[in-house]
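K.L.:
Listed here are the chains, written in short residue letters.
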Amino acid sequence: MNKKTKYGVGVLAAVLLAWAPATSGTAMEGPETVQIDALAQYYDAVTFDHTMHVEAAEDNCAVCHHHTTGTPTDDPNCVRCHNTSQEGDLVACQDCHAKNRFEADYLQQIENNPRLYHRSKVGLKGAYHLRCMGCHQEVGAPTGCEDCHSRNDAGDKLFHAGTYAPAPGSESEGHH
Amino acid sequence: MAKINRRKFLKTTLAGGVAATAVAGKQKNALAGGSFGGYPDSMGVLVDLTRCVGCRTCEAACNKEQGLPAPSRSFDDLSVLDKTRRTTESAYTVVNKYEVSTQDHPLFRKIQCNHCNEPACLTSCFVNAYKKTPEGAVIYDPTVCVGCRTCMVACPFYVPAYSYSSVTNPVVKKCIMCYDTRLKFGRPPACVESCPREVMTFGKRKDLLTIGHDRIRNNPGQYVDHIYGETEVGGTAWLYLSSAPFEEVGFDVALGTQPIINYVKEFLTVVPMVLTIWPALFAGFHLLATKKSKANETASAQDTK
Amino acid sequence: MRSIAANGKMPIATLTKPDGSSTWTVKEKLLLGLTPGEYVAQMVRNPVNWVLAVIFAVGIPVIIGRFAFGLSWVTHSSYDYPWGLFLGWGLFTMVPLSASGFMLGTAVEVFGRHDFKPIERLALLNGLLGYFFAVMFLQVDLGQPWRLIYPMFVSLGPAAVLFLVAWHVATYLSVQVAELVPAFAEWAGMPRLKKFIKSMVVGLTIAGIILSTLHQGALGALFTYAPGKVHPLWYSSSFQWFHFFCSSIFAGLCMLIVVSTLCKNMMTWRCDTNFLNNIDKLTISLARGAWMALVTYLVIKVIGIAHDGDWKYLASGWGQWFMLEMMVGVIAPIFLFTRAIRTNSAKLARFTALLACIGIALNRLNTALITFNWKLYQEIPHWREVMIVVTIYAVYIVTYRFILYRLPILYSWKEEKKA
Chain A
1 MNKKTKYGVG
11 VLAAVLLAWA
21 PATSGTAMEG
31 PETVQIDALA
41 QYYDAVTFDH
51 TMHVEAAEDN
61 CAVCHHHTTG
71 TPTDDPNCVR
81 CHNTSQEGDL
91 VACQDCHAKN
101 RFEADYLQQI
111 ENNPRLYHRS
121 KVGLKGAYHL
131 RCMGCHQEVG
141 APTGCEDCHS
151 RNDAGDKLFH
161 AGTYAPAPGS
171 ESEGHH
Chain R
1 MAKINRRKFL
11 KTTLAGGVAA
21 TAVAGKQKNA
31 LAGGSFGGYP
41 DSMGVLVDLT
51 RCVGCRTCEA
61 ACNKEQGLPA
71 PSRSFDDLSV
81 LDKTRRTTES
91 AYTVVNKYEV
101 STQDHPLFRK
111 IQCNHCNEPA
121 CLTSCFVNAY
131 KKTPEGAVIY
141 DPTVCVGCRT
151 CMVACPFYVP
161 AYSYSSVTNP
171 VVKKCIMCYD
181 TRLKFGRPPA
191 CVESCPREVM
201 TFGKRKDLLT
211 IGHDRIRNNP
221 GQYVDHIYGE
231 TEVGGTAWLY
241 LSSAPFEEVG
251 FDVALGTQPI
261 INYVKEFLTV
271 VPMVLTIWPA
281 LFAGFHLLAT
291 KKSKANETAS
301 AQDTK
Chain G
1 MRSIAANGKM
11 PIATLTKPDG
21 SSTWTVKEKL
31 LLGLTPGEYV
41 AQMVRNPVNW
51 VLAVIFAVGI
61 PVIIGRFAFG
71 LSWVTHSSYD
81 YPWGLFLGWG
91 LFTMVPLSAS
101 GFMLGTAVEV
111 FGRHDFKPIE
121 RLALLNGLLG
131 YFFAVMFLQV
141 DLGQPWRLIY
151 PMFVSLGPAA
161 VLFLVAWHVA
171 TYLSVQVAEL
181 VPAFAEWAGM
191 PRLKKFIKSM
201 VVGLTIAGII
211 LSTLHQGALG
221 ALFTYAPGKV
231 HPLWYSSSFQ
241 WFHFFCSSIF
251 AGLCMLIVVS
261 TLCKNMMTWR
271 CDTNFLNNID
281 KLTISLARGA
291 WMALVTYLVI
301 KVIGIAHDGD
311 WKYLASGWGQ
321 WFMLEMMVGV
331 IAPIFLFTRA
341 IRTNSAKLAR
351 FTALLACIGI
361 ALNRLNTALI
371 TFNWKLYQEI
381 PHWREVMIVV
391 TIYAVYIVTY
401 RFILYRLPIL
411 YSWKEEKKA
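Protein chains in written order, with this note's numbering: chain A, 1 to 176; chain R, 1 to 305; chain G, 1 to 419.
Source of the hints: derived by calculation from the structure; they are not laboratory data.
Watch out, some of these pointers could steer you wrong.
Stated by the list, open to error - Only pairs whose alpha carbons sit at most 27 Å apart, straight line, appear in this in silico DSSO-like list of lysine-lysine: (1) K204/R x K99/A; (2) K83/R x K157/A; (3) K375/G x K265/R; (4) K121/A x K204/R; (5) K206/R x K99/A; (6) K195/G x K294/R; (7) K195/G x K291/R; (8) K121/A x K206/R; (9) K64/R x K131/R; (10) K198/G x K294/R; (11) K294/R x K194/G.
Note that the coordinates shown come from a computational prediction; the quantities given were computed from them, not determined experimentally.
Isolated chain A, as found in the complex (with noise of 0.2 Å):
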């Protein structure tokens, strides 16, 4: 192969190479699902329906991501500070939001750095509760507790339904 060739034969490799990625769709959209799984104690896990939802966005992932994934955020708090954030590391919620959000080591976490800024940032269970039933709430998709993740034995035994629950006409505590 001659010189022009041989450069014009690595271009294509390199825009396919890139290309790639993209057109599989995992790069720029994500997952196809999710596995949300942090809720095992009470709840089976949830199969969440990634691709679904990126459409229901209209493809804005700031919806959800803020601006992680380097979709900028129309929130004009955020852009303040935000405006030129490109694509970072960590997009999953789990990467920035805590599971155990209250526990003494991750407040402590937050005492030692004052100059912290996004100082109340939600937990986990939180982001995802605040950010998917805020959006269902308005589009009219479900928002009970079991429309999304049904409970398992355990999570009936600290509800007291299912199985575990009262029998019909067991009144008591009536006292005001």
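Once you have looked at the hints, place chains R and G on chain A.
P.N.:
Okay, now just chains R and G, sitting in the frame of chain A:
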């Protein structure tokens, strides 16, 4: 009446006065003019009513953590929200639903002990059963409780319940902020941890006030510009943010900023005054009254001489 | 008993029998010098005892049930209304009505008003029994009555007003028992005991007035723990304790008038001439004292309302109820006592005293139960709660009568002439 000489009289009056002082002089003088703003690092909980959807997970978590009896209705039975409930001997926290004027969907409020900085229950207890811990929780010792139920009268939030159904050991029942099982070890209460929408934020009370005011400031028009519990009855550890006026969500907005003990202080200051002044005052009356009759006695004695 | 006395069987008033043969035995003294048969016969004849029998038949099982099944069986187990009739009547009403003890003790021993001597002991007994049964009511009300001594010996909470009430009531009971020991000592024939107490009587009386001032006021101060819960017309931020203390003064005096009237009319055989001849005059004197306390109370009440700016509440349903209480319990008695004193009418004074006692009961029940939680729903006490209150009050009356029949309260014990 037996003849009484001055020495005997003073002895007995003094003994009576001292006896009265000794038994009732145990009144602790409240800090003059001062008030207690809470321990510096005490924890608190900020409750954001705009986030609550009335799922009652907190009630279920509390029931489990505190080993409370099984409820009469499932915790996922949301029809209980149709009636306004209060805390009971088997429910340390309840969620109520309120229709409000500022929006078309209801607001929900979680009720539990507010863990006041200067609790009325603690103030009123004559066996010192209550304690405000440095961690912020107001806890209760059922082993000394006599069952006088003054704390239930005193609590401006109508929180303490009583296990009337128990024959041998009825005691007061209320939220203790999971002190024994969690707070003591630096862990958040069960309700806070369980809440799916993170309605409750756990942290140091002073930080929560900052967070609360920041939230109001950063979301203009969304919240009523007041944190309920910041100053009410001397300040509480459980603080509330609301998008509707607080009186519409079942809060008592007429409580004022004075801790309940301030209303009692006026009488408590009268106590030492009476204990010290009355003996002298009435001994004086007695001397005046008997002086006249003594004078008559000596006069008549002289007459008969 | 009247007919027995009329038939010549003199009620016991001396240590030795009238014929000088021997001293009365304890059994004879207890049975009033009657044979057991005669004693039971007079009991059965007395219609008051029939009413009491019915009350006890229903009430005693209920009281046993309260302890067997817990408070939930006899009350509505209310969390919003933790205090019911046991405290509302038994403590808050009975304690001011029993203030006669310190009032007359002070009048006689401290102020030297020996003209009150004929009713002094009745006043002391009224006080002692009232407080003793207030404690009985308290024991029925407490969730764990066996822990009554906890605020004294186990875990002390000295900053609480109830701590003061507990200590004072306990101490004051002892003082009142001591003040009545002379009467007991006369009846039991223990002259040295009587002398011992008499040597401390001024000290005891002053201790009594200190304790009474504070605990009568403290019962009012208990409501300062719930400033928003009692209706503003019944609650004064600054004067609550004084309202209760001042009203206890005329409550005690008026109750004494009522009780002495009952004794005069229903136990005439037991009263000696010293009592009967002086009672009308003393009633007027007591009325004078009550009148002064009533006027003071009215003035401070008006000042209290002005101080808190509560005038607007008068124009409401609660306001009308308040005016009724003030009319019946304070204003009408002031006018009626004035007239009674002016015309020297003991009869009118007695009626007025009853009116004032009703007013006191109304005030205390209003503060503790009726206007309490005025912003919430109303609560009617459980019928068993009412039954227990009636029963314990009946026991109080029976005890009162038992002592009055025997001890030298309404009559003077004839001293032994030393040979």
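K.L.:
Going back to the hint list, which numbers does this structure go against?
P.N.:
none
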